[in-house]
Amino acid sequence: MNLFQKIQRLSAAVIQLHTLKAEYHDLSGKTILVTGAARGIGSEVVRCLAQWNAHVLLACRSEAQGEKLRQELVAAYPEARITVISGVDTSDLEAIKQAEANIKQVLKESSLDGLILNAGIAGGPCGKSKQGYELNVATNVLGHHLLAMLLLDKLSESPASRIIYVTGDIYVFARSCSLDFTYPDKAANYAYARSKLGVSWNAISMQSHLESLKLPVKAIAVHPGVVSSELVEGWDTIKKRLMITPEQSAQAIMYALTDETVQGGDYIHNVKGKMQLPANDPALQQDKRIAFWKQCNDACSPYLA
1 MNLFQKIQRL SAAVIQLHTL KAEYHDLSGK TILVTGAARG IGSEVVRCLA
51 QWNAHVLLAC RSEAQGEKLR QELVAAYPEA RITVISGVDT SDLEAIKQAE
101 ANIKQVLKES SLDGLILNAG IAGGPCGKSK QGYELNVATN VLGHHLLAML
151 LLDKLSESPA SRIIYVTGDI YVFARSCSLD FTYPDKAANY AYARSKLGVS
201 WNAISMQSHL ESLKLPVKAI AVHPGVVSSE LVEGWDTIKK RLMITPEQSA
251 QAIMYALTDE TVQGGDYIHN VKGKMQLPAN DPALQQDKRI AFWKQCNDAC
301 SPYLA
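First residue of the sequence shown? That's 1 in the working numbering, and the numbers climb one at a time after it.
Simulated from the structure, these hints should not be mistaken for laboratory data. Computed from a predicted structure; not experimentally measured. Beta carbons are placed, not taken as given, at the ideal position from N, Cα and C, and that holds for glycine. Hints should not be assumed to be uniformly reliable.
Taking lysine-lysine pairs in the DSSO-like style, the calculated list, with each CA pair at most 30 angstroms apart, reads [claimed, not checked]: (1) Lys186 to Lys97; (2) Lys214 to Lys104; (3) Lys108 to Lys68; (4) Lys21 to Lys288; (5) Lys130 to Lys104; (6) Lys294 to Lys130; (7) Lys128 to Lys97; (8) Lys104 to Lys272; (9) Lys186 to Lys214; (10) Lys294 to Lys128; (11) Lys186 to Lys128; (12) Lys288 to Lys274; (13) Lys97 to Lys108; (14) Lys130 to Lys97; (15) Lys130 to Lys272; (16) Lys214 to Lys130; (17) Lys128 to Lys108; (18) Lys294 to Lys214; (19) Lys97 to Lys214; (20) Lys274 to Lys21.
FRET-style restraints, in silico, Cβ to Cβ [what the hints assert, rightly or not]: (21) Lys104 to Glu63: 13 to 21 angstroms; (22) Ser208 to Asp26: 41 to 49 angstroms; (23) Lys294 to Asp153: 19 to 27 angstroms; (24) Gly265 to Gly124: 37 to 45 angstroms; (25) Gln51 to Asn297: 34 to 42 angstroms; (26) Gly273 to Lys128: 32 to 40 angstroms; (27) Gly132 to Asp26: 40 to 48 angstroms.
Turn these sequences into a full structure, and let the hints guide you.
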């Protein structure tokens with residue numbers, strides 16, 4: 001993918017003439033887990049799921065923030081079923097392993113019909129996770145990888161469950177992704193782009209993994225739009241003119257979760273809908289993708305035993 005193609009691709013995401021609108025589905029009897037669910041895009045996804053009658057597992061780091069949102073939504077929608085799962089810090093593999101027990105206790109009598117991997121950070125100074133991995137990729141990719149692997153058994157109990165990987169078109173500016181990246185402060189946006197490439201790679205790799213195991217689960221990557229959220233500090237004029245709201249961005253995620261035409265391995269774009277990626281797209285670098293999947297598996301293996 002050359003520079004012109006990359007700018008074209010990102011422009012389509014930024015200059016938003018229209019965005020996807022998900023059609024209403026009654027999700028009564030369905031259980032959906034959302035990470036990063038207390039704020040931003042995640043909170044709007046939770047709101048939509050509550051309106052559509054799903055049982056929502058609101059996974060977040062802060063119990064106070066999660067409970068505040070739960071109370072707000074139950075007040076607005078008295079029939080809503082929302083369970084707060086706190087301590088879900090996707091940058092920390094130990095925290096994810098500990099959260100597994102709480103999640104499976106809630107799921108004791110039910111399957112898991114959807115897993116929305118939404119939590120994330122954007123750039124910032126170079127830092128390391130508790131386990132020593134670059135913080136963007138640890139938070140946006142690795143913790144989610146572990147969570148998905150730990151919950152595959154519950155997802156497989158549903159006849160049509162989906163794993164939604166929230167990525168971003170900014171990944172087209174990255175050439176690779178690894179767990180051990182270091183960078184100067186001026187390269188913070190590139191670190192974020194790398195992590196989103198990792199998300200896109202793992203969505204494709206997960207679909208291959210699911211097919212090899214013959215599991216009835218679909219893995220789908222979603223670009224929710226260039227969103228005016230707490231991840232983007234400053235830029236008030238740009239936010240107002242070019243960026244969409246978290247409420248609008250939630251629509252692409254809900255579409256990927258519920259639309260009957262969506263298939264495992266699809267890339268859903270908030271403006272273009274289902275995209276056919278060009279052959280030279282960074283997400284389709286098979287050798288690098290497979291090597292990264294192995295890195296993630298190796299890092300998570302102590303927590304999967």
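Hints, one by one, checked against the model:
1. A threshold of 30 angstroms between alpha carbons decides the hint, and for Lys186 with Lys97 the separation of about 33 angstroms lies outside it, so the pair is violated.
2. Restraint check for Lys214 and Lys104: the C-alpha separation of about 22 angstroms stays at or below 30 angstroms, so the hint holds.
3. Taking the CA atoms of Lys108 and Lys68, the gap is near 25 angstroms; set against the 30 angstroms cutoff, the hint holds.
4. Taken as a hint, the Lys21 and Lys288 pair is broken in the structure, with Cα atoms around 34 angstroms apart against an allowance of 30 angstroms.
5. With a CA separation close to 24 angstroms, the supplied pair Lys130 and Lys104 stays within the 30 angstroms bound.
6. Between the alpha carbons of Lys294 and Lys130 the distance comes to roughly 20 angstroms, so the proposed pair stays at or under 30 angstroms and holds.
7. Annotation: proposed proximity of Lys128 to Lys97 holds, straight-line Cα distance about 19 angstroms (limit 30 angstroms).
8. The suggested pairing of Lys104 with Lys272 is violated, with an alpha-carbon distance near 36 angstroms, which exceeds 30 angstroms.
9. In summary, the hint linking Lys186 to Lys214 is not supported, as the alpha carbons are separated by about 44 angstroms, beyond the 30 angstroms threshold.
10. This hinted pair checks out: Lys294 and Lys128 have alpha carbons roughly 20 angstroms apart, not beyond 30 angstroms.
11. A distance of roughly 17 angstroms separates the Cα atoms of Lys186 and Lys128; the hinted pair therefore holds under the 30 angstroms criterion.
12. Between Lys288 and Lys274 the alpha-carbon distance is near 24 angstroms, which keeps this suggested pair within the 30 angstroms criterion.
13. Between the alpha carbons of Lys97 and Lys108 the distance comes to roughly 17 angstroms, so the proposed pair stays at or under 30 angstroms and holds.
14. With a C-alpha separation of about 13 angstroms, the suggested pairing of Lys130 with Lys97 holds against the 30 angstroms cut-off.
15. For the hint pairing Lys130 with Lys272, the CA-to-CA distance comes to about 38 angstroms; that exceeds 30 angstroms, so the pair is violated.
16. About 34 angstroms separates the Cα atoms of Lys214 and Lys130, which puts this hinted pair outside 30 angstroms; it is violated.
17. Pair hint Lys128 plus Lys108 does not hold up; C-alpha atoms about 35 angstroms apart against a cutoff of 30 angstroms.
18. Distance check on the hinted pair: Lys294 and Lys214 sit about 20 angstroms apart at the alpha-carbon level, within 30 angstroms; holds.
19. Simply put, Lys97 and Lys214 have alpha-carbon atoms about 25 angstroms apart, close enough for the 30 angstroms limit, and the pair holds.
20. With a C-alpha separation of about 13 angstroms, the suggested pair Lys274 and Lys21 falls inside the 30 angstroms cut-off, and the hint holds.
21. Between Lys104 and Glu63 the Cβ separation comes to about 18 angstroms, which falls inside the hinted range of 13 to 21 angstroms.
22. A C-beta distance of roughly 32 angstroms is found between Ser208 and Asp26, which places it outside the suggested range of 41 to 49 angstroms.
23. Here the CB-CB span from Lys294 to Asp153 is close to 22 angstroms, well matched to the stated 19 to 27 angstroms.
24. Separated by about 31 angstroms at the C-beta atoms, Gly265 and Gly124 break the suggested range of 37 to 45 angstroms.
25. Against the hinted window of 34 to 42 angstroms, the Cβ-Cβ separation of Gln51 and Asn297 comes to about 37 angstroms, which satisfies the hint.
26. For Gly273 and Lys128, the Cβ-Cβ distance of about 38 angstroms falls inside the hinted range of 32 to 40 angstroms, so the restraint holds.
27. At roughly 45 angstroms, the beta carbons of Gly132 and Asp26 sit within the given window of 40 to 48 angstroms.
This entry does not satisfy hints 1, 4, 8, 9, 15, 16, 17, 22 and 24, going by the numbered hints stated previously.
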